[in-house]
Structure formats: structure tokens, C-alpha cells
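With chain S held as given, fit chain U onto it using these hints.
Protein chains: 2
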Amino acid sequence: MKLNRIDLSKSLDKQTYKTLHSGLAQKLGELQRRAREAGVPVVIVFEGWDAAGKGTLINKLILALDPRGFNVHPTNPPTEEERLRPFLWRFWTRTPARGRIAVFDRSWYGRVLVERVDKVVSREDWQAAYEDIDSFERQLAHDGGVIIKFFLHISRKEQKKRFKKLLGNPATEWKVSKEDWRHHKQYPKYAKAVEEMIDRTSPDWAPWTVIEAHDERFATVKMMKTAIAAIERRLTRAGPAAAVTLRPSRIRSSMLDRADLSLSLNRAEYENRIDDLQKRMRDVEHELYRKRIPLVILFEGWDAAGKGGNIRRLVSHLDPRGYEVVPIIAPNDVEKAHHYLWRFWNPFPKAGHIAVFDRSWYGRVMVERVEKFCAEAEWKRAYREINEMEQQWVRFGAILVKFWLHIDKETQLARFTDRQNTPYKKWKITDEDWRNREKWGPYKAAVDEMLARTSTACAPWTIVEANCKLHARVKALTTVIEAAEKRLSD
Amino acid sequence: MKLNRIDLSKSLDKQTYKTLHSGLAQKLGELQRRAREAGVPVVIVFEGWDAAGKGTLINKLILALDPRGFNVHPTNPPTEEERLRPFLWRFWTRTPARGRIAVFDRSWYGRVLVERVDKVVSREDWQAAYEDIDSFERQLAHDGGVIIKFFLHISRKEQKKRFKKLLGNPATEWKVSKEDWRHHKQYPKYAKAVEEMIDRTSPDWAPWTVIEAHDERFATVKMMKTAIAAIERRLTRAGPAAAVTLRPSRIRSSMLDRADLSLSLNRAEYENRIDDLQKRMRDVEHELYRKRIPLVILFEGWDAAGKGGNIRRLVSHLDPRGYEVVPIIAPNDVEKAHHYLWRFWNPFPKAGHIAVFDRSWYGRVMVERVEKFCAEAEWKRAYREINEMEQQWVRFGAILVKFWLHIDKETQLARFTDRQNTPYKKWKITDEDWRNREKWGPYKAAVDEMLARTSTACAPWTIVEANCKLHARVKALTTVIEAAEKRLSD
Chain S
0 MKLNRIDLSK
10 SLDKQTYKTL
20 HSGLAQKLGE
30 LQRRAREAGV
40 PVVIVFEGWD
50 AAGKGTLINK
60 LILALDPRGF
70 NVHPTNPPTE
80 EERLRPFLWR
90 FWTRTPARGR
100 IAVFDRSWYG
110 RVLVERVDKV
120 VSREDWQAAY
130 EDIDSFERQL
140 AHDGGVIIKF
150 FLHISRKEQK
160 KRFKKLLGNP
170 ATEWKVSKED
180 WRHHKQYPKY
190 AKAVEEMIDR
200 TSPDWAPWTV
210 IEAHDERFAT
220 VKMMKTAIAA
230 IERRLTRAGP
240 AAAVTLRPSR
250 IRSSMLDRAD
260 LSLSLNRAEY
270 ENRIDDLQKR
280 MRDVEHELYR
290 KRIPLVILFE
300 GWDAAGKGGN
310 IRRLVSHLDP
320 RGYEVVPIIA
330 PNDVEKAHHY
340 LWRFWNPFPK
350 AGHIAVFDRS
360 WYGRVMVERV
370 EKFCAEAEWK
380 RAYREINEME
390 QQWVRFGAIL
400 VKFWLHIDKE
410 TQLARFTDRQ
420 NTPYKKWKIT
430 DEDWRNREKW
440 GPYKAAVDEM
450 LARTSTACAP
460 WTIVEANCKL
470 HARVKALTTV
480 IEAAEKRLSD
Chain U
0 MKLNRIDLSK
10 SLDKQTYKTL
20 HSGLAQKLGE
30 LQRRAREAGV
40 PVVIVFEGWD
50 AAGKGTLINK
60 LILALDPRGF
70 NVHPTNPPTE
80 EERLRPFLWR
90 FWTRTPARGR
100 IAVFDRSWYG
110 RVLVERVDKV
120 VSREDWQAAY
130 EDIDSFERQL
140 AHDGGVIIKF
150 FLHISRKEQK
160 KRFKKLLGNP
170 ATEWKVSKED
180 WRHHKQYPKY
190 AKAVEEMIDR
200 TSPDWAPWTV
210 IEAHDERFAT
220 VKMMKTAIAA
230 IERRLTRAGP
240 AAAVTLRPSR
250 IRSSMLDRAD
260 LSLSLNRAEY
270 ENRIDDLQKR
280 MRDVEHELYR
290 KRIPLVILFE
300 GWDAAGKGGN
310 IRRLVSHLDP
320 RGYEVVPIIA
330 PNDVEKAHHY
340 LWRFWNPFPK
350 AGHIAVFDRS
360 WYGRVMVERV
370 EKFCAEAEWK
380 RAYREINEME
390 QQWVRFGAIL
400 VKFWLHIDKE
410 TQLARFTDRQ
420 NTPYKKWKIT
430 DEDWRNREKW
440 GPYKAAVDEM
450 LARTSTACAP
460 WTIVEANCKL
470 HARVKALTTV
480 IEAAEKRLSD
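So the protein lines, in turn, are chains S and U.
Quick note: the first sequence uses numbering that gives the first Met the number 0, first residue 0, plus one each step.
Quick note: the second sequence uses numbering that gives the first Met the number 0, first residue 0, plus one each step.
Any given hint might turn out to be false.
No copy labels: a pair is met if it fits in one copy or bridges any two.
What the hints assert, rightly or not - Simulated pairs of lysine-lysine, BS3-like, Cα-Cα distance not exceeding 25 Å:
| no. | residue 1 | residue 2 |
| --- | --- | --- |
| 1 | 424 | 224 |
| 2 | 278 | 160 |
| 3 | 438 | 118 |
| 4 | 485 | 174 |
| 5 | 17 | 427 |
| 6 | 290 | 278 |
| 7 | 17 | 468 |
The hints are simulated quantities; they were obtained by calculation from the structure and are not laboratory data.
The following block holds chain S by itself, in its conformation from the complex (with noise of 0.2 Å):
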């Protein structure tokens, strides 16, 4: 991909852009209400140079639109919360809703353009922003999502012309900044990290077009077309964007097997060491706030494991405003509605703050597995999609402790019974519960098959044996602490 090969000359007469136009826009406005109806997602990039006229194409599309289905999201450097936070957050928690458009006036691609060449991030990030970035939109476009991606191109001497009109009067002039002069200076040097960037990322399902943008007419209809024609593509089609590879389920060994439930602690020896042990934890607590460490700890298990219990302890001595426990139920409307992943990226925790899942993200591959929520595709991808969100939340610099809560299966009975026979623990034990407990055979697969998938270098499980209560607060806590104080001492 060269720039500089492109024909910067094209350019349409006013006559004939009127005439395309009208029919565009009403191809357009029927595409979303059919996207809408078949509940595709579609993302529209607009990246470009300085005063290429993104703003203006913008507003092209958007007028064309119906205001109900779509939201515009200017890019400005991120804020402190979003500094905070993996660089895709931002982004993620944008996706658009099934059905919905999401225009982005510049973009995650900011990573490899300007933070690149104005080295705000060193070369290490960029790098890995490449992978991540090609992760986050190949598991948009697996899940329906249409993507369109534009580069609005202009010559050197084109945007140096635009800045000096821009400058002429007074409503506009505070729009060229020093900076936008800068970056004009390092045009050949932006150029090559533009064409880097297309030619890096331009997948099937994700292509870049490059819009040759003097004249506005040509750009407008230009953009117009591809955008019309990538959603048209998009609804022909039945499934989703991109096929997955499905590799068969052959998991030779149980992590699950190899646990050691008679592992047990005597009251007298829990209280010795449990109040010392949360005394650590609130002082782990502080040091992460201190060093802007992010904390993600995940408690999975089965029914009455002793989940709620174990996070209890965990955090009874901790300043709540340094923690979180994000409990996890059946998604609500909005969150069915965007992709799966995406009320996970939500509550990731400021830098220096912990959050604790009670339940999580592995749902897709456990219950939404075995009780068929979810396609067996979907399953069989999110184990690749979940690996790769954990080594972004990872590489950004969070701590992942995940936890797996194993019990035997007479145990389980004999908790559920007493729950049943309690009259103030009698709330916690529902018919669904004892449902799950009949399924415990393909409930003991998929969790296999998960701790075999997902325990990766950067976020292996740990499978706490939970038959005695009192040992598995005990491991859960020293667990975390270690984690924690193996980073904090690095």
C-alpha cells in the first residue's frame, strides 16, 4: 500500500452528485432498518489526516440515517479513567447493540498512528496493540458485526491550504493547534505508519478503504457506496461474518480429578492464621492502590462450593472504595444485546483497584454450554476469545487470579440439604439448583475442558479444594496475597 500511488484527482460535478446522492441516502436509510431488523451490529471508522474532512462525512452519513439507531464517538486522548484501563476498554464498552451503529471519528487505531509516531507509547505497545486489536475485531465480526474502516487521504499541500483557510477566520481558526502543524511537518512519517497500518490490518472482515478526499462530492459518494455495499454484503449473508475452526473436545487429563478434597483445616488453626491473613490483604490492598495495580480475582465453582462465603472473607478487612465484587446473573436486555463479552470489559477496575467476580465471563462456556444458550461454535470460539481478552487485561498490567471451587458431589447434598432445612438459608437453595446438580456429568466436561483451554502462562486457574470451608478461605486468601506480593516485589 502506497500512498502517494493514489490518485488524489478524482472529483464529481455538482449535478451528478445531487442525483446520486438522494438515492444513496435512501439505500442507506433502508440498509439500517434492515441491519436493524436482522439485528446486525455495524461499526463505521473514519480515520484520516487533519482537516481531511472527517467531520463533514460524518455528518453526510449520519444524516442519511434514522437518530434512533446510531451514536457518533468522537476519539479525544483518553481521560484519566480511560487512561486507567486497557487501551481497548474505551472502545469495547462502545460496541454497538445488535441492530445499531456505532461511528467512530477516529478510533483503537490511534495506538498504531499518532501515540505510535509521537512515541506517547513505546514500541513494545504499539506491537501488541497490532494483536489486539486484530483479536477485538475478528471477535466483533464472528458475532454478526459488519465493520467498515476509512482512511481519509489528502496531500501534503491539500491539508497545509486547508489549515491556512481554516486560520483566515476568526470561528474557525482555534482549530489548528501547534500540534496539528507538527504532525503536518511529519507527514512523510505518519504516511508510512498509515500504510504499515493498512496493510497490517485489513482482514476479510475488517478491510480498510482509502478515501480519496479533495473533493467532497467524490469522498461523500464514495463512502456512501462502500459503507451501503459492505452491509448489503453483510445481510445476503445468514450466518456470521467469519468461520471458526472448531477443533474436536479431546481433553486427556482432569484437573479436576487430581484435586485433593480431603484437604482440611481445623477451626482452632483457621482462626490462628485467618485474621492475619486479612490484616495482609488490606495491606495488599493499599500497595496495589499505591503502585496503580489492577486486581481481577474470579471465583467459578459448583453450587454451595462456598463461593459467596469465601468472597466474604476475602475481602472483610478491605477499604471498599478500593474494591468491587461484581456478581454475575442472567444478562439483562442491553447486555444480551451487545456481544457477550461485553458487560466483562465493563467493570474492569481502575488501575490500583480490585474486583472481584462472582461468577464470570466463563459462563459462556460452562452453563451457556451445557444448557445450549449458545451456539456450539460460539462455545468453541470463546475459549480462544477469552484467552485473548485475559492477555490484554494481562499485557495492561492487572493481576488475574482465577479460582475454581471444586467439591464433591455428596457434599454438595449435604449443603443443599441443609440449606433446604434452614429457615434463614432457605432462600439460597432454588429447584433450578437442584436441576444443575442432575447435570453434573456434562457440567464436570465442560469445566475440564475450560481449566484445560484457559489455563494459559498468563492467567492459570487455581482449583481450591472447598469440601472444608475453612481450608479453601484459607488457600483463596494466600493465593491472592502471593500473586499480589509476587508483583509488588518485582
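The following block gives chain U in isolation, referenced to the frame of chain S:
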């Protein structure tokens, strides 16, 4: 209210505490479940001296709760995003959904405490805040919410002792800042502000409870008992918290009847003026941005009065980074679970930005009234609630322009028929539109009352005669531009 008359020597021994605490914790958990079933939102505010133990007490509270049902909101100095909105914005957007509990660690009272004493805001601002807080809490209580407010009280001597203890531990010394010491020195001045706050903001539906906080056990028990009593009191009542005085709807004159629907503009004159107006509108957008003035425009009007087309002409030359069209449709389930004004607080534009509402909060006193989606008491008190909200926005500095697009019944029929008969317009007309048309009379009565009750000095309605679409577009644009230019020249 005199803080120095409070007996701070109260305490509880360990054994008494242990016995009391487990019973209270169980009771709180039970009440949380009952509040969830009853759909009662609960707001709990913790204010108090630095080092009075807010964090510890909040943790004691939430450890007794099911984490699936609450959120803790730490109140830090406002972020930039927050400073660019009215001061209650960040609290309104965090009000709990029905059945949930929101715990605020510090709160909106910062305005009349630290921000007042430290002179972060003007006297005028914190005096106005008292009014805003009054209406905020009253609105939540009317909506069925419980509001529990704690002030954690310790003496100046005790505070000094605690600061020194924190400083003595390397893990906690960072918690005592210079500012804390400065506040400590100004303790008497703060005490006066606290006393005034408690005296002025203790209505029946949101009383303050001062917690003697020298002894953590005593404080914990008093806090839990108070919360339990408040939630229990609410649950034993059937209706919402506070009664509302219903004034009879006696609207003598109709703004609608006085509108001259014969006003029109020919195409040539329209073409002649529209372009210039749109360019002025673009300059207005720039100037508002430079001066950080938020502009809120709302369009209400009969079906087919031309809201969509009007909005498109208004924004067609604008930079999409500076404006947003907010279309209001039926609330989703998350929105339904909140106070009806919650979803309108959320999209309040950042200072310097423009929000155009296509339909608005006035749905409460129109469609919800006529179709009986809400109770009579609800829409009747909505006039005041809406006026209060708009007043807060205007006081913050917002320009508020409210349009009623008015057409007569014949014009509506002609437009409905045209939509029905034109293939590419057909999607715009539904059975519901025809049904609404049959209720023209009841809707007109509702509109007349709405216009009469909510045309306030700070937020008047403008009737746009819209039988002629060209006239309507020019009038709306002109009205917005004049309102903005008037403010910009102030």
C-alpha cells in the same frame, strides 16, 4: 443541632456486639431481599469527619448484603467529564434501580460542606445547591425510594489521635494528606457547616442520623439498626414515601389555539434563507464550544409534524463531534427500573456541546398520562419535577430551547395518507399513529396543560407553526440561533 452536645462516650463491649451484630446482619440481608421483591430502591449516604471510619462502616454494611443487589459509589472530586455537567448529574446517573441499594461514600453534600468551606464554589452556588438537593431527594422519595443519611461524628481530639495512628504505619501514612490536616485545623468552621446542613436537609423522607463514631462497635450497631428501621418502615407502607398535593387541572387558555397555522414560506424565500441560517448555526456551535456553554434543544409535537426533518436541517452543517441527537423511544427494562427522569439526566451534554432531543421527558405528561402508563399522582407531580430539573440545568449555565411543532388535524391526515401511499415512506407510519390520532382531544388537553405548567421564565416553550414545513424549519433554526447569540453576547 449542636454537634458539641452529642455524647461521644457511647460504646459497646465485644460480647454484646457479637450477639447483636449477627442478628442485625441477618435482618439486613432479609430486608434487602424484601426490598428487592417490592422493587424499592434504597439510597444510603455516608458523610462524616475524615478518619471517622466511613470505609470501615460501609464495609460492615455491605458484608451483610447480597453483592448482587448493591453498588458502592465513592465520591471523589469530580472528573472533567463530571465538572462539565450540573453538579447533581453524577449522582442522578448513579441512583439505584428499583430493588437495589446504592451506598454513597460521601455524596452530593460535598457541595455544602468541603466545597463551601474551602470556597471551591461561590456562596450563590452552595445556597442553590440546598434547593437542588431538596428536590433531588424529594423526587427519589416520591418515586418510592428510601433515603438514609449518616453523619459519622468524632471529636477534633479523636481525629488528631487517628491521624497520628495512620501516620505511624508505613502502609497507611499516605492516607493522611496535607489537606486533611488543613481540614483538621478548620474543624470548628466545618462543624458549623455540618450543623447547618443537618438542620436544613432533614425532611421526613430523608432525615440525617448522627452516628457517635468513637467506638466502632457502637457505631456499627447504630448504623445497622437505623438502616433496618428505615427500610422496614418503608416496606410496611404500601404507596410511595411522600404524598403529593394534586392541584386541579384548570387551564384557562390554550397556547395552541392562539397559534397562527396559516404562517408559511415559499420555496424561493426558504432556499434564500436556510443556507445562511445553517452557516450561522455552525458558527454558534463553535462559539458555544469555545465558551463551554451546553445547549439543550427538545422537539415535541404531533405525529407527522415534521420533527425529524426539522432536526436534520438544524444539524446539517454541524460538526458531529459537537452535537448529538437523542431520540426518545419507549424505555428499555434498565430504564424502566429507574426514576423516569434518570434516562434524561444521562445524556445531558457536556458543557460546550449540543443535545437535540427528539421527544423528551415530556412524554410523562403526554403519552404516559393519556395512555395511563403512569398513575395520576405521578404525572401531576411531574410538572414540578420537570421544572426543577430544567431549572437546575439552566442554573448550571445551559441554554434550553423547547419546541412544540404544531399542525392541525387535516394536515396530519394529509401527511399520514402520503406516507401510506409512498413506498419509501411507508415504514414511517404505523397502526399506533392512527390510534393516537383518534385521541387528538385528550392529547390536546394534555399538551395545553403541559405548555401552561412548564413554560417557565428560564425554560419557555416555543410553538412552531408547522403546517408549512418550510416556515417551521426556518422558525426553529432562527429561535435556536437567537437564544444562543443572546447568551453569547452576555
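> Given identical chains, is residue 424 near residue 224, meaning Cα to Cα at most 25 Å, within a copy, between copies, both, or neither?
Replying inline: between (62 Å within a copy, 22 Å between copies)
> Quick one: residue 278 to residue 160, C-alpha cut-off 25 Å, is that within a copy, between copies, both, or neither?
Replying inline: between (64 Å within a copy, 21 Å between copies)
> For residue 290 vs residue 278, is the C-alpha pair at or below 25 Å within one copy, between two copies, both, or neither?
Replying inline: within (19 Å within a copy, 50 Å between copies)
> Should residue 485 paired with residue 174 be assigned to within, between, both, or neither, using CA atoms and 25 Å as the limit?
Replying inline: Classified as between; 24 Å across copies, 48 Å inside a copy.
> How do residue 17 and residue 427 come out at 25 Å by Cα distance, when the copy is not named: within, between, both, or neither?
Replying inline: between (66 Å within a copy, 24 Å between copies)
> For residue 17 vs residue 468, is the C-alpha pair at or below 25 Å within one copy, between two copies, both, or neither?
Replying inline: between (73 Å within a copy, 22 Å between copies)
>> With identical chains, the pair residue 438 and residue 118 could be close in the same copy or across copies; at 25 Å between alpha carbons, which is it: within, between, both, or neither?
In response: Neither: 54 Å inside a copy, 63 Å across copies.
Checked against the numbered hints given earlier, the structure breaks only hint 3 and satisfies all the rest.
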